[in-house]
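**Q** Listed below are the residues making up each chain.
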Amino acid sequence: MSLISGVISAVDIIGAILMIAFAFMSLRLAMRLVRREPHNIIHAYLMWICIAMAVFAVSRSAVHIIRQSLDLVGNAGAWQFIGPYSGAVNTFTLIVVGAVTLFFEYTWSIYRQILSDKQILQATRGELMDLNENLERRVDERTRALADSERKYREVFEVSRDMILLSDLEGRIFALNPAGYEILGGAADVSAAHIEYCQDFLFRGKDDWKKIVTVIRRRQWLPDMEFDMVNARGEKRRILLSASLVPGPRNDEGRIYFLIKDIEKRRMIKEQMARADKLASIGELSAGIAHEINNPLGIILGYAQLMLREESIPSQRSEDLKTIERHVRTCKVIVEDLLNFARVSPAKKEMNDIHGLIDDVIKFTYYDSGFDRVVIEKDYDPDVKPLFIDEKKIKQVFVNLIVNAKYAMGEKGSIKISTCLNEPDKRVEVRVSDTGCGISEQDMLKIFDPFFTTKPTGVGTGLGLSVSYGIVKNHGGDIQVKSEPGAGAVFTVLLPLEPHHEHIIGWEK
Amino acid sequence: MVILLFFVLIFMPDAAIATQGHRGIEGLYVHLIAHVFFIFSMVLFVYWIQKGRLIEAAGWKYIRYSAYFFILWNIDCIVVHLLESHLYKIAGASLGILILPVSNAAWINGIYYFMKMDHFFCVPAMAFLFLGLKRLLEEELS
Chain A
1 MSLISGVISA
11 VDIIGAILMI
21 AFAFMSLRLA
31 MRLVRREPHN
41 IIHAYLMWIC
51 IAMAVFAVSR
61 SAVHIIRQSL
71 DLVGNAGAWQ
81 FIGPYSGAVN
91 TFTLIVVGAV
101 TLFFEYTWSI
111 YRQILSDKQI
121 LQATRGELMD
131 LNENLERRVD
141 ERTRALADSE
151 RKYREVFEVS
161 RDMILLSDLE
171 GRIFALNPAG
181 YEILGGAADV
191 SAAHIEYCQD
201 FLFRGKDDWK
211 KIVTVIRRRQ
221 WLPDMEFDMV
231 NARGEKRRIL
241 LSASLVPGPR
251 NDEGRIYFLI
261 KDIEKRRMIK
271 EQMARADKLA
281 SIGELSAGIA
291 HEINNPLGII
301 LGYAQLMLRE
311 ESIPSQRSED
321 LKTIERHVRT
331 CKVIVEDLLN
341 FARVSPAKKE
351 MNDIHGLIDD
361 VIKFTYYDSG
371 FDRVVIEKDY
381 DPDVKPLFID
391 EKKIKQVFVN
401 LIVNAKYAMG
411 EKGSIKISTC
421 LNEPDKRVEV
431 RVSDTGCGIS
441 EQDMLKIFDP
451 FFTTKPTGVG
461 TGLGLSVSYG
471 IVKNHGGDIQ
481 VKSEPGAGAV
491 FTVLLPLEPH
501 HEHIIGWEK
Chain B
1001 MVILLFFVLI
1011 FMPDAAIATQ
1021 GHRGIEGLYV
1031 HLIAHVFFIF
1041 SMVLFVYWIQ
1051 KGRLIEAAGW
1061 KYIRYSAYFF
1071 ILWNIDCIVV
1081 HLLESHLYKI
1091 AGASLGILIL
1101 PVSNAAWING
1111 IYYFMKMDHF
1121 FCVPAMAFLF
1131 LGLKRLLEEE
1141 LS
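Sequences listed follow chains A and B, in order.
In this text, residue positions in the first sequence follow this note's numbering: the first is 1, and each later residue adds one.
In this text, residue positions in the second sequence follow this note's numbering: the first is 1001, and each later residue adds one.
One or more hints might be untrue.
[Claimed, not checked] With a cut-off of at most 30 angstroms between alpha-carbon atoms, the simulated DSS-like pairs for lysine-lysine come out as follows:
1. A:Lys118 <-> B:Lys1061
2. A:Lys278 <-> A:Lys322
3. A:Lys348 <-> A:Lys395
4. A:Lys118 <-> B:Lys1116
5. B:Lys1134 <-> A:Lys118
[To be verified] A few chain A residues that face chain B, going by a derived Cβ cut-off under 7 angstroms, partial list only:
6. Arg36
7. His39
8. Trp108
9. Glu325
Honestly, the hints are just simulated from the structure, not real lab data.
Each residue gets a CB set at the ideal place from its N, CA and C atoms; glycine is no exception.
Please put together the full structure from these sequences, using the hints given.
**A** So this is what it looks like as structure tokens:
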């Protein structure tokens, strides 16, 4: 073998070895790429290319090495046998490598599609994440706004001094605010009275609820209207009611929102003012009449007494004169009562212990016949200090109240007299309550009217309460009465703590 | 009628040509076609690499170089095979498929001698493939 031939053989063998080495090193790298990212189709494709290249390199280069080896060992004839197989395998591997390479475009398009899909998925995921985060933030904001709104309206519901009531069209109560419970007599009483429907305290008459619901359905609302209701304690109260019909949660049934204002106090004040107006008118009229009658009565009484003095022996004439004198005196008492009612006669006020005054009245009346089976209870407030009052006239007030209480009870019963210092209003309250027959609603409006009486003719003049009313008013006070037929009556005399500058003539309205 | 025609055709004695015989230089033709096919696939490969802008990555750039060298290698191989055929024919062998208009020129022997060393093309081609994959792996790792 020449030197040149040897060099060529060496180059051939080295080249073949390098070819195989690079092919398998490439295959190793491709496999590392695949291991790193098993789902990357391009890496898988490169691995297949490298496998084909490795087979190709082996088929081509190994054969070179074998051929050179055969030449070296002097067995070149063997190549005649191996050569065709080598060529065939080499041709086959060429085709395989070429064929695998042709799949690149298809593989690449799949890879691009996967990448595109992946990007779309990531973008979508990002959008979803963003939406999710925003959604949470939005939900948080909406929830906060809803909570604020709920709190605001809850406060309106809770703090309102008027009753807010929600019911269905059947009258079943869904919601009632604290003021509602208060107006109805307190939560405990409402629960005890089993108030579950509006009809339990309102529109209690037969078909009243149906009528009111018909009106609300037709007009969708109800303007301010006055009604009477009976609370859980059975007390009758005047209310101002308005209502609105709103759709129910499922829009398949209506709900009624009621706004109810307790106007009982307002009604009572209006009644008291009306009564005061009436009594003021009567007082002015009575004062005028009393003045006009008082003088002639004085003259008649004076002349009757002069004529009676001239009668030394009893005779029919003297008896007639006595009868005149007696009836004139009765008239004088009535006139004096009328003047007291009209507050024309001035009061002689000085500091008096109200408790001692009441005790004197109790002693005075207790010795009267008929009080044997009547129990008089006293409950004095020790904080009550002496008041600037006309002892005689205030005694007359309590005598009237106790006698009236006794009359209302009949032979047997209990009278309770209590005092109470009302510091905020700067007055003393004296309550005279009895267990008598009570006062009807009809009579309640007239009890302070002069000459109104429920007693038989000749038993009372009907001036007791009106005179008492006038005396108390003359002291800057007031008389209040609470009563129901059959449940006794409570008269409350309110007297001011501080001295009152009275108006001798004229009435306060 | 059809059956009769079938039997007439089957039993008429003549040369059977249905299965083609393979003799002579068919193997060389197949081999050359394989090289052409390899070139075709590599050209397409380069085209796709450029079209897909893969050459922006260094790894694919090396792989493209690899394809170029494989193309050159295939051309080299085709030329060598044709020259071999020419030289065989001149030598009186029967496998020649190409007869150049020159006869036994010394420069043909020189070209043939040089181009027989195809390692100068295929080894760099495989080396660039290795380098390309190496860079791709490095890029993945980074």
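**Q** Are the hints correct? Go through all of them and say.
**A** Hint-by-hint comparison with the structure:
1. A:Lys118 <-> B:Lys1061: holds (25 angstroms)
2. A:Lys278 <-> A:Lys322: Violated, because 38 angstroms separates the two Cα atoms, which is more than 30 angstroms.
3. A:Lys348 <-> A:Lys395: Holds, because 13 angstroms separates the two Cα atoms, which is no more than 30 angstroms.
4. A:Lys118 <-> B:Lys1116: violated (49 angstroms)
5. B:Lys1134 <-> A:Lys118: The hint holds at about 26 angstroms.
6. Arg36: Because about 6 angstroms separates A:Arg36 from the closest Cβ in chain B, which is inside the 7 angstroms limit, the hint holds.
7. His39: violated (13 angstroms)
8. Trp108: Given a least distance of 6 angstroms, the restraint on A:Trp108 holds.
9. Glu325: violated (139 angstroms)
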